[in-house]
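The lines below spell out each chain.
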Amino acid sequence: MERRNGHDSPTMDVEILSRIQFAFTISFHYIYPPLSIGLGVIMVITEGLWLKTKNNIYHQMARFWTKIFALIFAIGVASGIVMEFEFGTNWATYSRFVGDVFGSALAAEGIFAFFLESGFLAILVFGWDKVKPGFHFFSTCMVCLGAHFSAVWIIVANSWMQTPAGYRIVGEGKTARAEITDFWAMVFNPSSMDRLFHTLVGCWQAGAWLVISLSAYYILKNRHLEFAKRSLQIALTVACITSLLQLYSGSRSADIVMKYQPAKLAAMEGVFKTKPYTPMYIFGWVDVEAEKVYGLYIPGGLSFLAHKNFETPVKGFDTISPEWGRPQLINAVFQVYHLMIAIGMGLIGLSFFTVFAWYKGWLFKWKWLQFILVLSVLGPQVANQAGWYTAEMGRQPWIVYGLMKTSEGLSKTVKAEAVLFSLIMFVLIYFLLFMVFLYLLNEKIQHGPDDKDLIPTGKLALPEKNK
Amino acid sequence: MTELGLDLNIVWFVLVGVLFTGYAILDGFDLGVGALHLFTKTDQERRITLNSIGPVWDGNEVWLVTGAGALFAAFPIVYATVFSGFYIVIKLLLFALIFRAVAIEFRSKQPMKWWREMWDIGFFLGSLLLGFLIGVTMGNLAYGVPIGADGEYAGDFLSMLHPYALMMGVTTVALFMMHGSIYLVMKTEGDLQKKIRGWVNRLIIIFIICYATTTMATLLYVPHMVDIFKHNPSLFIIAILNMLAIANIPREIHKGRDFFAFMSSCFSIAALMVIFGIGYFPHMVYSNPNPEYSLTIYNACSSQKTLGIMLLMAIIGLPVVIAYTVSVYYIFRGKVKLDQMSY
Chain A
41 MERRNGHDSP
51 TMDVEILSRI
61 QFAFTISFHY
71 IYPPLSIGLG
81 VIMVITEGLW
91 LKTKNNIYHQ
101 MARFWTKIFA
111 LIFAIGVASG
121 IVMEFEFGTN
131 WATYSRFVGD
141 VFGSALAAEG
151 IFAFFLESGF
161 LAILVFGWDK
171 VKPGFHFFST
181 CMVCLGAHFS
191 AVWIIVANSW
201 MQTPAGYRIV
211 GEGKTARAEI
221 TDFWAMVFNP
231 SSMDRLFHTL
241 VGCWQAGAWL
251 VISLSAYYIL
261 KNRHLEFAKR
271 SLQIALTVAC
281 ITSLLQLYSG
291 SRSADIVMKY
301 QPAKLAAMEG
311 VFKTKPYTPM
321 YIFGWVDVEA
331 EKVYGLYIPG
341 GLSFLAHKNF
351 ETPVKGFDTI
361 SPEWGRPQLI
371 NAVFQVYHLM
381 IAIGMGLIGL
391 SFFTVFAWYK
401 GWLFKWKWLQ
411 FILVLSVLGP
421 QVANQAGWYT
431 AEMGRQPWIV
441 YGLMKTSEGL
451 SKTVKAEAVL
461 FSLIMFVLIY
471 FLLFMVFLYL
481 LNEKIQHGPD
491 DKDLIPTGKL
501 ALPEKNK
Chain B
24 MTELGLDLNI
34 VWFVLVGVLF
44 TGYAILDGFD
54 LGVGALHLFT
64 KTDQERRITL
74 NSIGPVWDGN
84 EVWLVTGAGA
94 LFAAFPIVYA
104 TVFSGFYIVI
114 KLLLFALIFR
124 AVAIEFRSKQ
134 PMKWWREMWD
144 IGFFLGSLLL
154 GFLIGVTMGN
164 LAYGVPIGAD
174 GEYAGDFLSM
184 LHPYALMMGV
194 TTVALFMMHG
204 SIYLVMKTEG
214 DLQKKIRGWV
224 NRLIIIFIIC
234 YATTTMATLL
244 YVPHMVDIFK
254 HNPSLFIIAI
264 LNMLAIANIP
274 REIHKGRDFF
284 AFMSSCFSIA
294 ALMVIFGIGY
304 FPHMVYSNPN
314 PEYSLTIYNA
324 CSSQKTLGIM
334 LLMAIIGLPV
344 VIAYTVSVYY
354 IFRGKVKLDQ
364 MSY
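So the protein sequences, as listed, match chains A and B. All the letters of the first sequence, read from the start, carry residue numbers 41 to 507 under our numbering. All the letters of the second sequence, read from the start, carry residue numbers 24 to 366 under our numbering.
These aren't lab readings, by the way, just hints derived from the structure by calculation. Where is the CB? At the ideal position from N, CA and C, for every residue including glycine. Heads up, none of these hints are tricks.
Below, a sample of chain A positions facing chain B; criterion: calculated Cβ distance under 7 Å: (1) S135; (2) R136; (3) G143; (4) S144; (5) L146; (6) A147; (7) F152; (8) F154; (9) A162; (10) V454; (11) A458; (12) S462; (13) M465.
As a list, the in silico EDC-like pairs of lysine to aspartate or glutamate whose alpha-carbon atoms are at most 20 Å apart: (14) A:K455 with B:D179; (15) A:K170 with B:D362; (16) A:K172 with B:D362; (17) A:K455 with B:D173; (18) A:K452 with B:E175; (19) A:K452 with B:D179; (20) A:K492 with A:D169; (21) B:K132 with A:E483; (22) A:K313 with A:D358; (23) B:K358 with B:E68; (24) B:K360 with A:D169; (25) A:K452 with B:D173; (26) A:K107 with A:D490; (27) A:K214 with B:E175; (28) B:K358 with A:D169; (29) A:K107 with B:D362.
Here are the in silico distance ranges between beta carbons for each label pair: (30) A:G442 with B:E140: 46 to 56 Å; (31) A:R208 with B:W137: 52 to 62 Å; (32) A:G488 with B:P305: 58 to 68 Å; (33) A:Q368 with B:F62: 47 to 57 Å.
Please model the entire structure based on the sequences and the hints provided.
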């Protein structure tokens, strides 16, 4: 990483360590929320189907996915509090600068999303026999809605860091800070809605492919076949729809990046020189020193994506005003971006091919396809992470685009040793946590859906008796 | 001042206080239950204590998350200074919070003795450490911390561990253990309840000793916390009400009216927070030495516009939040019964 002037090495260490710590803690956290958002949608569908059809297999499904959900949710909550505190502990100067704007989005998340989610989660997980089916379904919907609200406020906050709007800068130098001038302009900043949509679709994919993967596992092992087929049916439908939606929302997000963060787009595609028929790479390698990209490309592809014709050039670093700077890791941005695209395309292919194979009756014969489906859960997970790495590494060197550099946002009182200590602790604790998570997830999968859930008990049993 | 004649800074001082008070009352008994966890012996007993907070602990922690969010939004400079200045304490707090959450979730997932022992200890230590660290943080804020002319914390981690802060840490743990034991009495039955009922009086006595010592230390060494009470003797009524509430606990426990005992305990935590708030006002971080560098509700706040927007959110959000907090507690009222969804 290049060394900028005005920073002696201790500060530099704090910066690198703080960035690694934030990246590590948020990457770990981001394994879970997409799964709970996506699984939330699946749970609403299955429980809704149960209420509608009164077929108890859907009750069994709702119960099983709720157990998986509870496990994922617990780790999501535990690892999520970290970030809210980390802004203050490691990025104090940033927090002072943006608190007026960014803080209100976080507070809104607490008030409008977390309380909703955690309150109804109690009923969702522990209240099966305590409340009537309709109210339980309502709770499931509220938990799902709460998870979505949470995404809304976080994406609003993050998008404001990408494309700030609705604010003014008050004061100068060290005391300068951003203040809200127009709340709704802040919320609906240029990138927030497109990025929200892109993120949510990614979450729905994560949930759908988790269900596909587990169902395929049961089919492969020849267990719980009825359960697995019905789950697969629901999840595959969601997967087909979302994979296409993602294609659409991805192109919209790219448009926004081109318009507001041209330096990020230039890094994503490795565009150094502005010239007509700007190529779009399928894959490649960026030699940043030589300002060249080696790889397979579609001539004029990026021009077409950006301007709907093959000729109009897309801005390269040579024509982007140098004050915007360049991301430090251009090749990394390029790679994670292309990884995301490749997985997105792969998921479109896989979802529709699986539907076709099912229709043809091949799905239950072809072990290799079932095996690929078992592994498919990793697809959206990796793509979601890669997408965020693109967004965040591509935003560099800015912490708030055009307003504050990442190196300026650090806590002044925190020493490198302290950050190193907390980083090591996070790595240890999260490693342990992840192992235990996988172990327990496997336990639940091996245990499988409970056959006694085929007969609802407590207040849930009432509608059956009334019949 | 707004059109309504409200001083938004004071409103937000109160609202942040309300959120942290909500946290202290609700997660207070959670942490207390955790700190008492190893004193119950059999697996059945431990499962019952764990499940007494099972459906609610998660929601209780949201009060902390929202409180921190509100602090960030309304007083970003306080949030930044305290969280970066108290770096190690905040990180330890996070580790305890994570470990504890995970211990609750994982303990009963496997039947092996070593597995359950391991998470029992995690749950116990996490709860104990959390209560203690919250107390140490409060103690440091009350006592005052060195703040530089630039508004940054000028001390280090070790300087935070002075006797007053440690005493406050111990007092907080004692308070939570008392509160947690009363909650457990309310949620249990039979022999276990009988056993815990026996603990309550002892825990009250321990708390009162701690509380009296801390109060004396405050009177002697932290005069700025008591100034306002000296000048406005009528405020002393809160302290009296607090003592009455605490004295009422053994009375209600003796009469078997456990719910009222618990309400008394909740009231006394709220009263303690009110006393803290009144004594501390208008400071958010008291600077000691150099009180002129203190962060107050006026020099460390967000813009009036943001405070106004946030107030609107609070007015819409808080009643809803209280409504479903109450309904969740209502749905899960009564004694703990273990079933297939239990921890």
